[in-house]
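Chain A is fixed; fit chain B onto it per the hints.
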Amino acid sequence: MTKRILAVGSGGGHWQQLMLMRPAFEGCETLYLTTLSGLPEQFGASPAAIIPDCNRNEKRQILRTTWAVFGHLRRFRPDVVISTGALPGVLALGLARLAGARTIWVDSVANAEEMSMSGKLARRVAHLWMSQWEHVAAESGAEYAGAVL
Amino acid sequence: MIFATVGTQLPFARLIDALDALVLELGETIIAQTGPKDGRWPHLDRRETLTPVEFEQIFTSARVVVAHAGIGTILSAKRWRKPLVILPRRHALGEHRNDHQLATARQVEKLAGIHVAWQVDDLGPLLRTPDLTAASEAQSPTHAALIDRLQRFIVGQGSDA
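Protein chains in written order, with numbering that gives the first Met the number 0: chain A, 0 to 148; chain B, 0 to 160.
The following block holds chain A by itself, in its conformation from the complex:
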């Protein structure tokens, strides 16, 4: 059966790295979510949808993002949800896990010193929790398998 993947990355570096992981989704039915309109078209990622961005300091905005992500999860019913960050990705992983999906967090390769803030939050909701740096993985207890570099 074809796996359904929901791939979530905020605009900028997170999205760019998610795009570099696309070969892993080959043969799957993938829906992309990002926070910046125009990005999916720029990278030829389809189908895709835009969700509102949010950060830890804006509670109201977090609710908006959560609601949007919830809608996509309900309609798309993914088997696997993957995110490179940031907070919208953590929310997606959390909700998806509650719904019974398997979840992947790949922390941004820009975090060469320690896990990102959202990566630390994602630990509790990611089945597969990875850093793209060997020493960061070793220190945090994450898995290291490689990097998009």
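These are calculated hints, taken from the structure and not from any lab test.
Glycine included, each C-beta is placed from N, C-alpha and C at the ideal position.
Some hints here could point you the wrong way.
Unchecked claim - Covered by chain A, according to a simulated footprint, are these stretches of chain B (three or more residues, beta-carbon under 8 Å):
hint: 1; segment: 68–77
hint: 2; segment: 100–113
hint: 3; segment: 142–149
To be verified - Negatives, chain B to chain A, calculated, CB over 12 Å:
hint: 4; residue: 46
hint: 5; residue: 47
hint: 6; residue: 48
hint: 7; residue: 80
hint: 8; residue: 92
hint: 9; residue: 96
hint: 10; residue: 97
hint: 11; residue: 118
hint: 12; residue: 119
hint: 13; residue: 125
hint: 14; residue: 129
hint: 15; residue: 130
hint: 16; residue: 131
hint: 17; residue: 136
For chain B alone, coordinates are given in the frame of chain A:
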């Protein structure tokens, strides 16, 4: 044309000074995105900030890009297939809060098209090289390993909880 970019967060005078000193000898225009700093680099075409569109346009039309060892720049060089010369920022010189750019430089040194200047003196010879190899989007072994791990998890062979 050579494009120099040091990111938007921290100044990197060691790199920009060195490039300013190289312009006349190279006989090539250097556009430098230096962040906010007064103009003490008379030979550079200096830009404080660039919009994403301007950045892409200058990046893609450059012969070679020179930068700090920032992840964004490395990914851009791969995406737009440009030769990239990187000079890692040093903590000891007050250029960053730690030495993670050295770690990044060591990690990407093996990649085609990414040329590491370990010190300022390496910049001249690298920039004088006529056909510097361009970076490519081709997967490195570590990139392939990451994809492979993700694939195994997705099809359900991973050792997830």
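Checklist line | 12 Å Cβ clearance of residue 47 of chain B from chain A | finding: Given a closest Cβ separation of 20 Å, the condition holds.
Checklist line | Closest CB of chain A to the CB of residue 92 of chain B still more than 12 Å away | finding: holds, 18 Å
Checklist line | Assertion that residue 119 of chain B lies farther than 12 Å from chain A (Cβ) | finding: holds, 23 Å
Margin query: The output says residue 46 of chain B does not contact chain A. Does that hold with a beta carbon cutoff of 12 Å?
Written below: holds, 20 Å
Note to self: Count the residues of the segment 100–113 of chain B whose Cβ falls closer than 8 Å to any Cβ of chain A, and tell me whether that reaches three.
What the structure shows: The restraint on the segment 100–113 of chain B holds, since 5 of its residues have a Cβ under 8 Å from chain A and three suffice.
Checklist line | Claimed clearance of chain A by residue 80 of chain B, with the beta carbon kept past 12 Å | finding: holds, 14 Å
Note to self: Please check whether the beta-carbon of residue 118 of chain B is more than 12 Å away from every beta-carbon in chain A.
What the structure shows: holds, 21 Å
Margin query: Quick check for students: does the CB of residue 48 of chain B sit more than 12 Å from each CB in chain A?
Written below: About 16 Å separates residue 48 of chain B from the closest Cβ of chain A, which puts it past 12 Å; holds.
Next item on the list: Please settle this one: residue 130 of chain B was flagged as non-interface, so is its CB more than 12 Å from every CB on chain A?
Entry: holds, 23 Å
Item checked: residue 136 of chain B non-interfacial with respect to chain A [C-beta, more than 12 Å] -> Given that some Cβ of chain A is not farther than 12 Å from that of residue 136 of chain B, nearest at about 8 Å, it is violated.
Notebook entry, point to check: Mind checking, does the segment 68–77 of chain B have 3 or more residues with a CB under 8 Å from chain A?
Noted result: holds (count 4)
Check: Hey, does residue 131 of chain B actually stay past 12 Å from chain A on C-beta?
Finding: holds, 19 Å
In summary, the numbered hints that this structure violates are 9, 10 and 17.
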